[in-house]
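Starting from the given sequences, assemble the full structure and let the hints guide the process.
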Amino acid sequence: MNKRIIWKILFLVAVLSLVMGTAVFAEEEDLTLVAVSDVADSGDLVMAGGHGRVFIDPAMSLLQMSNNSKINLSFVVNSYADPTDYYEIAIYRGTALNPSDAVYRKVSSFSENVESKKYVYEWNTTNVEKYPPGTYTIVVTSYYLSDQGNAVNDTDSLEINLEDYRLVLDRAFVERLYNKVFMRSADADGLTYWSERLYKGLVTGGEVISHFVTSPEFINKNTSDREFIQTLYRAVQDREGAEQELGYWLEILQGGVSRNYVLKGFVDSPEYGRQCASYGIIQGTVTLTEVRDQNPQIAGFVNRLYRLIQNREDDGSGINYWVDILVKKKQTPQTVAHGFVFSPEFINKNHGNEEFTRIMYRAMLNREGEDAGVQYYLNQMANGLTREKMFWGFANSPEFKGIIASYGL
Numbered sequence: 001m002n003k004r005i006i007w008k009i010l011f012l013v014a015v016l017s018l019v020m021g022t023a024v025f026a027e028e029e030d031l032t033l034v035a036v037s038d039v040a041d042s043g044d045l046v047m048a049g050g051h052g053r054v055f056i057d058p059a060m061s062l063l064q065m066s067n068n069s070k071i072n073l074s075f076v077v078n079s080y081a082d083p084t085d086y087y088e089i090a091i092y093r094g095t096a097l098n099p100s101d102a103v104y105r106k107v108s109s110f111s112e113n114v115e116s117k118k119y120v121y122e123w124n125t126t127n128v129e130k131y132p133p134g135t136y137t138i139v140v141t142s143y144y145l146s147d148q149g150n151a152v153n154d155t156d157s158l159e160i161n162l163e164d165y166r167l168v169l170d171r172a173f174v175e176r177l178y179n180k181v182f183m184r185s186a187d188a189d190g191l192t193y194w195s196e197r198l199y200k201g202l203v204t205g206g207e208v209i210s211h212f213v214t215s216p217e218f219i220n221k222n223t224s225d226r227e228f229i230q231t232l233y234r235a236v237q238d239r240e241g242a243e244q245e246l247g248y249w250l251e252i253l254q255g256g257v258s259r260n261y262v263l264k265g266f267v268d269s270p271e272y273g274r275q276c277a278s279y280g281i282i283q284g285t286v287t288l289t290e291v292r293d294q295n296p297q298i299a300g301f302v303n304r305l306y307r308l309i310q311n312r313e314d315d316g317s318g319i320n321y322w323v324d325i326l327v328k329k330k331q332t333p334q335t336v337a338h339g340f341v342f343s344p345e346f347i348n349k350n351h352g353n354e355e356f357t358r359i360m361y362r363a364m365l366n367r368e369g370e371d372a373g374v375q376y377y378l379n380q381m382a383n384g385l386t387r388e389k390m391f392w393g394f395a396n397s398p399e400f401k402g403i404i405a406s407y408g409l
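Start counting the sequence shown at 1; every next residue gets the next number (our numbering).
Simulated from the structure, these hints should not be mistaken for lab results. Just to be clear, a hint being listed does not mean it is correct.
[To be verified] Here are the simulated distance ranges between beta carbons:
id	residue 1	residue 2	range
1	G352	E175	57 to 63 Å
2	G408	N348	30 to 36 Å
3	K401	D238	44 to 50 Å
4	S343	E175	28 to 34 Å
All C-beta atoms in this analysis are idealised placements derived from N, C-alpha and C, irrespective of residue type, glycine included.
In structure tokens, the structure reads:
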């Protein structure tokens, strides 16, 4: 029988013996050879009688990766055409290198040619029960067949730290919010703080984005309502909001609710649910604490009085005050409107009778006063009709009662 064939048989027996002795380890697919390329400097291969040697690619150093991923490991493989030479790649959990800590072994033969190649193996860590977070040591050992049996020619090792892939995803989620909301990269402290809180389940996705859009940094940007809504589209749905969509949310905001109310609409959406699921975090929600947000219809009624009587928008404090009164039925909608019309703020505007009358038409009848109607009231006021009596005539009209009913009051 050919001597080369005999040596091949002996080599295969040795390899089979080693593999059978490690049957408790993982399947072959944990490490898969995915690429082979030439190594430029291979002058040492002219050495006669050399044995195969594998060492870790110097381009790799202490690595920080995540589990549940596929990691490329590079080795330089020097072959001397000896069919009895072989090498083993072992993966150990930890750094002690106890045999019991080995979670995977792979045995391969060298090339039958004299050559130097770079071998890239793909390490599959998607079995997270087998590859939990922690430090792993990759050990590669070259063997040759001596008179006394298998002998070690060389060994090399590399430590790799596998982070929990869930923490890596949490970090990516937080980094994305920094980019979309603050328009900047995350600072190290903020990134660590929020990603670790997500990882530990201390906060939900809804709570994190709520913090971002209510933070001083974002508030100090003084974004318009349109810019605020567009920011939510970018952060939640990863796209620009269309004009029709922006108009929808702008109309809601102009109804007297807070930005938190709109934020809750985005956070509770299926789109945000899918986004959170892709990062492996809990969607959560936004808790509405302002009475106007808990009663948006009533807030709309009060905000309408601010716009049509006071001719301004409210910062929320006034709306909350009046909504609370209406919710608790401390006053009627008519008496609330009276409070606006006869407030110091309105009185100090010193409106003439005609402008006062036209404001009553807009606020109480929801329309512009026709000239004849306005003139009628001007004549009545000239004959002694007080603004108080005129107000109550409008407040008790069917038109104003219809407006009140439309707001659920």
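Hint check results:
1. A hinted range of 57 to 63 Å holds for the C-beta pair G352 and E175, which are about 59 Å apart.
2. At roughly 32 Å, the beta-carbon separation of G408 and N348 lies within the given 30 to 36 Å, and the hint holds.
3. Roughly 46 Å separates the CB atoms of K401 and D238, a value that falls within the hinted 44 to 50 Å.
4. For S343 and E175, the Cβ-Cβ distance of about 49 Å falls outside the hinted range of 28 to 34 Å, so the restraint is violated.
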